[in-house]
Amino acid sequence: MDLNRTPLNEFHKLQGAKMVPFAGFEMPVQYPMGTIKEHIHTRTKAGVFDVSHMGQIAIYPKGGESINDIVKYLESLLPIDLENLGFEKQKYALLTTENGGIIDDVMITKKKDYIFLIVNAANKQEDLDYLHSNIGSKCEIVELKDRALLAIQGPQAAEITSRILPEIYEMRFLDVMEMESEFGNLSISRSGYTGEDGYEISIPGETAVDFSERLLSLGNIQFIGLAARDTLRLEAGLCLHGNDIDKSTSVIEAGLWWSVSKARRPGNDKEGGFPGYDYLKTQLRDGVERMLVGLKPRGRLPIRGGNIIYDHETDGHEVGRVTSGGYGATVQGPVAMGYVNADEVRKNSALYCEGRRSRIPIDIHLRNFVGNRFKR
Amino acid sequence: MKYTEDHEWVRKEGDTFTIGITEYASEELGDVVYVDLPEEGDDFSTGDDVAVIESVKAASEIIAPMAGTIVEINEELVDNPALVNEDPIEKGWFFKIEADDPGEYDNLMSEKEYQELIS
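In order, the protein sequence lines correspond to chains G and F. At position 128 of the first sequence the residue is numbered 128 (the working numbering), and the sequence of numbers has no breaks. At position 21 of the second sequence the residue is numbered 21 (the working numbering), and the sequence of numbers has no breaks.
To be clear, the hints were calculated from the coordinates, so they are not data collected in a lab. As the structure is a prediction and not an experimental result, all values here were calculated from the model. Backbone N, C-alpha and C define an ideal beta-carbon position, used for all residues, glycine too. There may be inaccurate statements among the hints.
To be verified - Label pairs and their computed distance ranges (CB to CB): (1) F:E13 to G:E289: 53 to 59 Å; (2) F:E113 to G:T314: 52 to 58 Å; (3) G:G219 to F:A67: 36 to 42 Å; (4) G:F87 to F:S119: 55 to 61 Å.
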């Protein structure tokens with residue numbers, strides 16, 4: 001199958017990126033700097049990521065309806081209070097299954113006359129089909145295929161990016177700003193997927209290279225590959241759909257109940273009304289059997305997604321499974337997350353992960369190993 | 001120096017052989033974050049897993065290119081696994097093996113054969 005290319009494909013190759021297939025796209029996995037240095041660069045200065053493979057979807061009213069009508073339709077699929085979300089504000093939201101599982105996790109923005117969604121690359125088609133089959137007769141769903149998406153992340157992201165776009169400096173976490181610029185129409189959110197402050201910029205494909213070149217000319221900012229994007233998000237305890245969450249993991253098991261707006265929770269005015277609510281309500285009351293937790297291996301040997309977790313150093317029982325694991329360059333050691341039986345989590349038991357030679361002792365840890373530096 | 005299909009290099013010094021991974025392999029692996037080395041005195045047969053390299057991407061094995069006994073390991077890699085990326089041919093060596101049959105060396109790939117393999 002031919003791979004799709006983002007508008008920055010040639011640009012990455014000129015930068016010396018190593019390209020790999022990812023979610024149907026040819027994407028940069030690392031640059032000559034190497035994954036560890038890219039990771040550190042993002043945490044200490046600023047990194048820019050081409051995430052144009054992600055889906056950008058606009059949902060418009062049709063047939064004389066208004067934005068408020070679309071909001072109602074989307075609230076039937078997403079457990080958030082979109083009605084009371086301000087205009088030009090963004091929110092993290094889950095598309096839930098009837099069993100309380102997770103079809104995808106998305107970033108949703110309420111605009112004056114449409115809703116803007118950013119969805120995972122690997123789920124783009126499934127999300128589009130799902131939206132079409134559920135609300136497609138009532139609204140117009142458009143994939144914005146000609147737009148690129150750049151994430152700029154790190155403690156210097158605001159200072160550097162605002163030298164090109166001064167008006168974005170004062171934005172706060174999850175604010176959105178749409179503007180006309182010399183690079184055409186931009187939609188910018190103060191958000192990201194690294195635990196750092198920064199922006200995600202939706203930009204016309206034809207100006208994405210110009211904008212990138214301008215950014216790099218400012219210094220202290222580098223393009224960062226998908227490998228470092230993965231270690232950055234893992235170290236910050238952020239879930240990757242397809243690894244840590246999917247249709248078989250409930251919102252509560254995944255520890256993502258915080259993303260369900262208060263108004264949609266039991267006893268509130270807009271309680272329920274989204275797929276899987278009854279199931280999740282039962283899990284809230286009765287508890288869950290497993291929980292997604294951070295895992296910190298003792299020592300330096302990394303553990304990896306798919307590794308089995310046991311309750312004893314030898315023999316014993318399987319009590320969990322690693323979903324993501326790797327090396328955290330900022331904490332300078334292995335970091336991971338995975339599902340562990342709730343009993344073991346409550347007891348804070350000593351756990352052991354399968355290794356090549358012997359089991360590796362691991363401790364349950366906060367999912368976020370580095371803290372956040374969002375601009376609230 | 002000779003090479004294996006597993007992208008290891010083998011350097012002969014009498015009946016002792018030093019083993020590491022090639023530049024090509026170190027680039028393919030990405031940044032190395034941990035090296036699990038054997039112990040001095042361990043015996044291996046040809047084809048055994050001797051060491052494990054953990055990179056930012058994944059784990060991979062170092063496979064014994066010849067049978068023998070480990071006589072020295074590169075302790076520096078324990079604290080500084082990045083040497084495997086920075087200098088795979090010199091400072092990034094893994095271990096030295098005293099071969100049971102030094103003749104096994106002759107079966108390994110020449111530089112030219114290895115270059116053909118990776119081109």
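Against the structure, the hints:
1. Under the hint 53 to 59 Å, the C-beta atoms of E13 of chain F and E289 of chain G, about 58 Å apart, fit the expected range.
2. As the Cβ distance of E113 of chain F to T314 of chain G is approximately 44 Å, the hint placing it in 52 to 58 Å is violated.
3. Roughly 54 Å separates the CB atoms of G219 of chain G and A67 of chain F, a value that falls outside the hinted 36 to 42 Å.
4. Checking the proposed 55 to 61 Å range against F87 of chain G and S119 of chain F shows it holds: the Cβ atoms sit about 57 Å from each other.
The structure is inconsistent with the numbered hints 2, 3, although it conforms to all the rest.
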